[in-house]
Amino acid sequence: MQRDAMSVTISPPEQDDLPELQPPKGKRFFGGREGAQKKFVAGVMSPVIAYMLLWGLIPLVWAFALGFFLYSARRAGGPFLGLGGDNPFVGLDHYKAMLDFSPDASLNVRQFHIAVKVTLLFAFIVVPLNLAITLPLAAMIESVHNRVKPFFRSIFFIPVLTSAVGVAIIWGFVLHPQRGLLNALLSKITGRLVVISWTTDPNLVVIGIPVALFAIIVAYLWQDIGYNLVIFIAALQAIPDSVKDAALIDGASAWQTFRYITLPLLKPTILLASVLTMISAFQVFDLFQVMTAGGPQDQTRALSLDIYETAFRFQRMGWSAAVSVVLFAIVLVISLVQTRMLKSNWEY
Amino acid sequence: MKIRSGRVRWLVLVAAMMLVVAACSSSGSTDTTAAPGGGGDAGGLSGTVRVWTHQNGAFNDGLKALADGFMAENSGVTIEFETFDYDTYIQTLQTALPAGTEADVLQMFGTWTCSYASNLASVPSGVASLDDARSKFFGAPIEGYVCDDALYGFPQEFNIEYGATLFNNATAAEAGVSGEWDSWDEFVTQAQAMTETVDGNMLRAGYNFTASDAIPYTFYSNILQAGGSFLGDDGFTIDTPEGRQALELMVSWVDAGIVDPVLFNDESNWVGDSFFEESSAMGLVGPWVVPEYESDFPDVAAVTEYRLLPTLAGSPDFVADSGWGLTVSKSSEVQDAAWAFVAYVTLNAENAAEWNSASGTLPALKSNAEGAAKDALVADFPHFEPFFDLLQYGQYVGHMPDRDLVWYDITYPHILNVLQGNESIDDALAGMEKEANETFG
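These protein sequences, in sequence, are chains A and B.
My numbering numbers the first residue of the first sequence as 94 and each following residue consecutively.
My numbering numbers the first residue of the second sequence as 37 and each following residue consecutively.
Keep in mind that the hints are not guaranteed to be accurate.
[As the list claims (entries may be wrong)] Taking CB as the label site, the calculated pair distances span:
1. A:284 to B:228: 23 to 33 Å
2. B:228 to A:177: 35 to 45 Å
3. B:123 to A:226: 51 to 61 Å
4. A:189 to B:123: 25 to 35 Å
5. A:217 to B:313: 32 to 42 Å
Note that these hints are calculated values from the structure, not bench results.
Heads up, the beta-carbon is just placed ideally off N, CA and C, and yes, glycines get one too.
Starting from the given sequences, assemble the full structure and let the hints guide the process.
Rendered as structure tokens:
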């Protein structure tokens, strides 16, 4: 209502009244002040665009193309980029094979199905858990005294800066069945020797989810929450105090303020954080490779690991490229759905 | 003109940046080392021979010493070494060979050779015939270099992973066992005595054979010992009585409690780590592992020996990969000099023995597995001694499209699954046979 009351209607000028804005010939793009700005932008962007073309777009197109070939770098193939000949064109065969859900499906296909399941499970557990931890944590850190805020921010952000491989190795020490800290702690508590193979026992399953996968989820969250935490802290700081003050004056409790004022205002940030976390969750490789190498019995074989193994260990590059295209499609679709679900039509 | 010169400047800038990026990417992690040499043409050979190897200090020092000797005898030839870390080397071979940009001499793991045979030169008849090579080299190492009855290079080492086990003398003494056995039953009894279990949890395995190399080598070797075979002209035949016998034998070891395959496998308590950290009293892994660990675990290394394993039916047949050796590129322009160098290193018994001694590897040449050459090698590497009695029984794993896939993604997971009680022997044998045969398609 307030917005309507203050709105002003401005009529567009008649077409004939418009001044001649065409720049003189020869100075259309780079002349004058505007031209200098364009030059600067072109200068700054050119290396990035060249870089993206060289290392981003070309490999992407190459991956899409390879998905249509039975390609292995070991085979000589045809004269054009090694395609054809011993690396024959197979059209959509790889994609059709992915839809074979029979028990007689080839090992490739069954491992792909496992990898899709593991990756989706991982992503759909990690994203809500991450948001459920980081958002309240950010609100709590925002509520403490200004002097101690940087301390908490640093504590939670330091793991983000550490190497994922280092994180995986340290968690491997913690979870080692015989020399691990966790089993040592459990042994102390129970008074008897506890030897649990957290990451190597295929029979260790809780609510249908392998414990080895939970172990990777814990390590991932430990390392990753600092990133979203910083995003949420920044978003919380951007919410005008006046909005919250108005709610308090209206008699809202702290919880009601958070639930009905802060949370809706954070919706665009939640969207951003969930999309970024989802994309990141689909790309996790280091933790899977170092902590479990896909085991036990492929229970943690994520798509990124499946792609790596088939492409670089077993040289089935065509199949691997097709799997990476599917991963790309899955991430794209889920990101679009997330964007649609969490989209808001207003800003503050 | 102003606009045109501006565009030219931008084009030059972008081109320069792309050149810098390309230069950075191609320099990679390769380490180029040129051996000294050059000069006249005394031996009738001339040219520069580029040699690619993977980065292994002992291997390359031995090879460079031989290169110096070769260049002294052939003053017209210069040998240049380019070395790559292992992973980069594999990827470089995979991309360079189809592109024809490889070096003249390529160090090759014998088992890979046939994958690259279309880009490799076959051995000229003047260097050695196939029959000559088969008579000079042990079967397991040379057969990797034989593709469709043509010879594509020569091995330098005998790669062995089965036949003898690491044995901790101190643990054996504590357990009161002799380490002498005539059958698997006696072996298992002694392994049980060395196993340590507390509150139902295994702290020390008596015999750790559940790593991703140990399981396939044990399985396929015991198929051979049972009188069977697993790879023929029609592909893999694993679901056989001999396959069942081999797998049942392995299951019986787990049932006897000498290893817990959930705690001891490739991902947890890997056999090398586990043996030298003394959580395994015996462990199945090749003799290359001792030099890797002895500096960190000198006390354990001092009480470590290799002991021959029992056999299933008398003959100690075993499967073996074809180890590292040398091949020549088909597109090399200095083929004569390249083959002369390869022959100098691999076919000359004295030189081959010198390289084995420098690199700490078992000999591929039969003549170096006896007499003074053997004595010299055993003096340097006492752990080798029991293996010399086995080398003649080694059989090449066979030509298959992807040995690593069959070993690590098919055989190991199926058998580990059986040993962990999650798959039946029937299902595992059928599954392995089906999946291994799919690798041909």
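Cross-check of the supplied hints:
1. Remark: the range hint 23 to 33 Å for residue 284 (chain A) to residue 228 (chain B) is upheld by a beta-carbon distance near 28 Å.
2. Checked against the hint of 35 to 45 Å, the C-beta distance between residue 228 (chain B) and residue 177 (chain A) comes to roughly 59 Å, which is inconsistent with it.
3. Restraint check, residue 123 (chain B) to residue 226 (chain A): a C-beta distance of roughly 36 Å breaks the suggested window 51 to 61 Å.
4. Judged by the Cβ atoms, the range 25 to 35 Å given for residue 189 (chain A) and residue 123 (chain B) holds: they are separated by roughly 33 Å.
5. Distance hint check: the CB atoms of residue 217 (chain A) and residue 313 (chain B) are about 38 Å apart, consistent with the given range 32 to 42 Å.
Of the numbered hints stated above, those contradicted by the structure are hints 2 and 3, listed in ascending order.
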